[in-house]
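Here the protein sequences come in this chain order: S and L.
Numbering-wise (the working numbering), the first sequence opens with residue 1 and increments by one.
Numbering-wise (the working numbering), the second sequence opens with residue 1 and increments by one.
What the hints contain is simulated information worked out from the structure, not anything from laboratory work.
We treat Cβ as the ideally placed atom computed from N, Cα and C, and that holds for glycine.
Where hints are given, some of them may not hold.
To be verified - If you anchor each label on the Cβ, the simulated ranges turn out as follows:
| # | chain 1 | residue 1 | chain 2 | residue 2 | range |
| --- | --- | --- | --- | --- | --- |
| 1 | S | V53 | L | N132 | 25 to 33 Å |
| 2 | L | G159 | S | G34 | 18 to 26 Å |
| 3 | S | G216 | L | R199 | 32 to 40 Å |
| 4 | S | V111 | L | E77 | 52 to 60 Å |
| 5 | L | S144 | S | T57 | 21 to 29 Å |
| 6 | L | S144 | S | T59 | 24 to 32 Å |
| 7 | L | P428 | S | R32 | 24 to 32 Å |
| 8 | L | V196 | S | T130 | 55 to 63 Å |
| 9 | S | L301 | L | G172 | 35 to 43 Å |
| 10 | S | R46 | L | R187 | 32 to 40 Å |
| 11 | L | D333 | S | T57 | 23 to 31 Å |
Below, each chain spelled out in residue letters.
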Amino acid sequence: MVDGLIHILLMLAMPPLLFGVINRTKAAFAGRTGAPFLQPYYDLFRLLRKGSVFSHTTTWVFRAGPVVTLAATLTAALLIPLGNHLPPLSFNGDMILFVYLLALGRFFTTVAALDTGSSFEGMGAAREVTFSCLVEPVVFISLLVLSRLSGSLSLSTILTHSSTALWMTSGAALILLVAGLFVVLLAENCRIPFDDPNTHLELTMIHEVMVLDHSGPAFGMILYGASLKLFLLGAFFLHVTLPIRVSSSLLDWLVFVVSMLLLAVMIGVVESTMARFRLVRVPQMLLAACILSAFAMMLVLR
Amino acid sequence: MNREPFRSIQNGGSCALDDLPLLPQDDFLQTIVALTGQGWRIASYFGSTDPAGRVTLWCVLTGSQSRIGVLRAYAGERLPSISSACPDVHLFEREIAEQWGIPVDGHPWFKPVRYQRSRNGRDAWGRGRDENILPCVGDFFRVSGDEVHEVAVGPVHAGIIEPGHFRFQCHGETVFHLEIALGYQHRGIERSLSGVSGRAAIHQMETIAGDTTIGHATAHAMICEALAGVEAPPRADALRGIALELERLANHCGDLGALAGDVGYLPTMSFCGRIRGDFLNMTAALCGSRFGRGLVRPGGVLFDCPESRATDLLARLLQVERDYAGAVGLLWDSPSVMARFENTGVVSRDAARDLGLVGPAARACGIARDVRLDHPFGIYRTCTIPLQVEADGDVQARARLRWKESQISIAIIREQLEALPEGAWMGPCGPARGGRLAVALVEGWRGEICHVAITSGSGAFSSYKIKDPSFHNWSGLAMALRNEQISDFPLCNKSFNLSYCGFDL
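Same shape as in the complex, but just chain L (with noise of 0.2 Å):
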């Protein structure tokens, strides 16, 4: 008899539907509050529908030991908000009202999440059925004054980035809010998987984030692993891990790079956006695809890596290791660049956490986590990855962990490399098994990736929750831009590098 409120599991686990108990609202709520107290964190957390109509809402949360703990309850007709207690849920409550049309009671700033209709016909703002839903149109935070003034920047920007809207209310250069609004891209992807059982799942997942095609793709591979209660071929598993460490390494570096264009720095930059197409070749020579699309599929992965081309990754990495030293190296040199990464965009350790900041972006705030170490996946069961951490903060934390970072996936590429597992890269993945619940985490380059898949009798998705970490992270980015000067807010923003399109998905 399970006499906690809750079933606790492991990444890449699943559970049967009726050992999870069905809390009532009330208790559901007190427990997600009462294990946040004792330092659980939340990853995911919200509703579906049975064909009743009837909504239930999910948490999933992540501790110590491992462990990761599930709770349902079924919603009433009002939520009541318990943002004031644990801040990380704010958006995941203002995205459950926006999903399924529960008001949220006592929510600090209760407006819509990415502008979409809700999939139950119920609207928690009470707008119309034929009324028009735009995009950021409506209430942004304001500050009042003669000396202050509000500035507009997006949805279409200068440069070639994705689209969202952020609204800055200054004093002078100085910014005191900044509001993050998004959704121009929502292309309804949880919306498509509720009720499909296909393999064509996998296409989607891949165009989550275009730069985390790895990331994502694994977290859903090993749902479906989970569903059909079987285990990838440790080959696959170490192809996986080196594909995921190649994302990691491009991404950084590529960002290194355009934090060094950011403040006009332009030796690195040219380097770094060069070494990016290095590392992103790499992962091309394994699927053929630069950024990892067709390679990771439940079961397995699609390509194997032969010796030959394994004897030629390692020494490619090792002239592009020597590169990517030295372009960096020039940042770290160069006062000038250091005068500007130093107590910019500074995130406090106790912001942070409150907001529940997964990633480089948490762990350059000095909070220790990392899903490769707190909830292992794949190979990162088996081989030990040292923890890295910066304690300020501020751009420089951030940019020096992601160095740190990617001399660390250097080496676990290498490790790999030097001795892939023999036998098979790809093994059956049969059809999942119904009425389940799987929880998958992945430490993407962004961060904590989590997928949750609920399956109907029949083995179909009823539902399928995914969180980017960019989700958690926008928030970061905002608190950032407190009382900074609002010059540097490009320079902040290169520094999360969030994404638009993992959080609209």
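With the rest of the complex left out, here is chain S (with noise of 0.2 Å):
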């Protein structure tokens, strides 16, 4: 009960302060200060406290975009385990629903996109969908290696089933999926090498720029529900990449946030000593991500 607080409270109070740490190791990186740790809470503050503006040409797709978006990741959240506690939601097969919460809440976003009939918008929604296309089989095989290894279907146990032992047992098939995943947590939350954030350049942008026409609570909404988003993969990367597990239950949170914080802080390093790829390298490295992972799987059926 209490570990199902905590993962409620986490889940939803967290996401934001990973933005906040990549952001200040960026800065760090480029030799400022950077903005507060909570930055991102202000900024979503002062988004739900503004009005919205809606085209008319836009129907009530565009309006549902962010709702659906955001349910279906905070859906998602509730099936995932964090640091080692059973998530609050859990059954046998919940592994297909939970890639298919993402997919609808990306099929929303990219339908809202095309709903406001701008070309920006357009393109923006063409790219995601042609990388979503080759992330998905990453996302899928990961889960049928991870269930082989761990006899289960459900989320809930394939994820806390690693641990040294199976490192010691199937290293190799994980370290092809650590490295598949990683990439797929960086292309999922248009992190540098694959997008950027922070640009301003609408026609480099691939999740930015099908935002452009939201404002106030909305864009919040999706601001929110892209931290939702890192947070739940990063989760899911560290199930599989650091099954740490300390027998008191509070401690093993403690780790869970630690080690979070410190993805946070990775992903902030490789952002600052990297470029982004050319867009047209961007399906050649996903594709590379597939081809680890169909490794990976080969190694467990072997």
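From these two lone chains plus the hints, build me the complex, please.
If you want it as structure tokens, here you go:
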């Protein structure tokens, strides 16, 4: 019960902090002080207080986009275990639901973008859909590998199954998996080198360009949803990568929070030391991630 | 007796209008075509009007051995286009048509340049006097087909930049054609200068393009000095040279940082942003303005640089040079950055030559073209600078060239500061002599700036023509985007970093 409460509390409150940590890390590399850690929260509150502007050419789809996306992501967040604790919702086969909830969110973001009729947003939607075609196989294959290793079809089991012992026996497969998942983590959350969340150049954007027309609370929802997605996929990634298990439940939570923050620092380091890929290179990189996870699959099927 | 159909003068020189042959329009055009065939380049091509309302065409060409050729002709009712023979006049012809209402026959893409009214009430496109002329409203080149889509960008942009309209014809992510339409910032600078002799013109010169303040002000000062028949004192030349190189450094440094920012490489972006400020502050130390306003004046410079300030600037330069090298070194050492720069936005050498690109954009395509070497002025008559070229014509070449030029600029500034000529920094510059034409070319940081002034009998400007390097180079950007990814447009655009207001005038 307590764990369930902590789960919900963390998943609601922590995600924007990750953006704060990433931005602070990037600022440090650039020789700047950077915005406060809590800046993303201030931004969200500011957006919530603002009014919204809706173009006359848009329909209900445009307004539904941010709401459905955020709802889908929040539901997905209830399915994923955090720090070795069982999630509030868990059943056999929920991994399929998890992936499709994320896909539903993406679908509504892209449909809302197309609804505006803007050529920029159309371009962004086309890019997003093209790239996600390549990202989803990686997630599915990774889930299959993990479910094969753990012999279960439930996220709570397959994600908490990874352990030091498992790394000893199937380390090769897991390394390939981790590499593939890190690519997914960066690509799905529009981080450099796949996308630049801070750019103002609408022609280069992938994800940001789809939400150009949203404003006020709707845009706040989108930003919050984006941080939640980073939180979710980050937790997913950490489960496979860092199978640290401490006996105490509270200590487990602490380990989880600290490792999430470290992951944010790591993303910040990657962003600071790399330039973006040319857009035509992104599918190639995603394909490489597909191949990595496919090899992991072969290793565990053997 | 001058047997050539044109008059040859030196950079910063002038000639009496009476010495200038007045050709028939056909001979005039044939001479231009013949000269460009012999390797001459068109620096400026424009019209002017006399009190009788007759339009005269003027062409300024730059040639070998520091020669600048000037020729003129009375314009006929219509002007046959020579764009197919020398493509670099295509924009000049459109400009003449727009300003003087002369239709150009056979022009490949005949449309207005800045969407302004003509100066003599005629209209080359037959638009009525009461018809509203709106910027960038009109035909655009279109590619048709089910799979082709059009993307319109601007004039309002997401970043804090100047207004301009870009129309892309795309097939998926690939750009087939880019058309650039400007004119939103047309202020009528040239028109406001005709008929005035005042010293106030220098203030307008400093605002032609805010980032090229020194470049344009120097060109204007050279014009005034040539018309008055005086020369700036050596100390003034040295200070102008220092300021010009500081301007080059600040902009090259800022652009390298912005290029890094466009590919999402943060360290160089942040450091270069700060270092650019250091260069601007050095200009401020010279004259109190970070962009060099109020420094260059006809006759010399307004502010001297005493010994103590020179020592201080030298010390600062040493520090900044080290920081700059470190920040830019990060770029070349990052494979991910190089992967983005290489083979992006390639302009072939032939295209660059045909379009008459100038400055770093031309040198990055392997074309040896630098006013400081070809038509030396000021300090460049005595100090030798090595010519820098890059062969590839891509973003990488333009970036690397900027870094090479920066190093040379630092060396020039150091050399000048260490041995500032003694003497006055401001000399007399009397009123302009009447009935003359003066030409000044300056290698600004974007390339060749060309000012041409023609005085009436009283010494007032009867016509003043300004050509910012952007006028030539915007066409280069459009070519760089051919078959390029649309997502790489911002990067290509930044690698040229052209001026909108310098074009719009």
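Results of checking the hints against the structure:
For the pair V53/S and N132/L, the beta carbons lie near 29 Å from each other, so the given range of 25 to 33 Å is met. Between G159/L and G34/S the beta carbon distance is about 21 Å. The supplied range of 18 to 26 Å therefore holds. Distance hint for G216/S and R199/L: a CB-CB separation of about 53 Å, inconsistent with the stated range 32 to 40 Å. For V111/S and E77/L, the Cβ-Cβ distance of about 58 Å falls inside the hinted range of 52 to 60 Å, so the restraint holds.
A hinted range of 21 to 29 Å for the beta carbons of S144/L and T57/S is consistent with their spacing of about 24 Å. For the pair S144/L and T59/S, the beta carbons lie near 29 Å from each other, so the given range of 24 to 32 Å is met. For the pair P428/L and R32/S, the beta carbons lie near 50 Å from each other, so the given range of 24 to 32 Å is not met. Take V196/L and T130/S: their Cβ atoms lie about 59 Å apart, and the range 55 to 63 Å holds.
Separation of L301/S from G172/L is about 37 Å and conforms to the stated range, judged on CB atoms against 35 to 43 Å. Distance hint for R46/S and R187/L: a CB-CB separation of about 37 Å, consistent with the stated range 32 to 40 Å. At roughly 48 Å, the beta carbons of D333/L and T57/S sit outside the given window of 23 to 31 Å.
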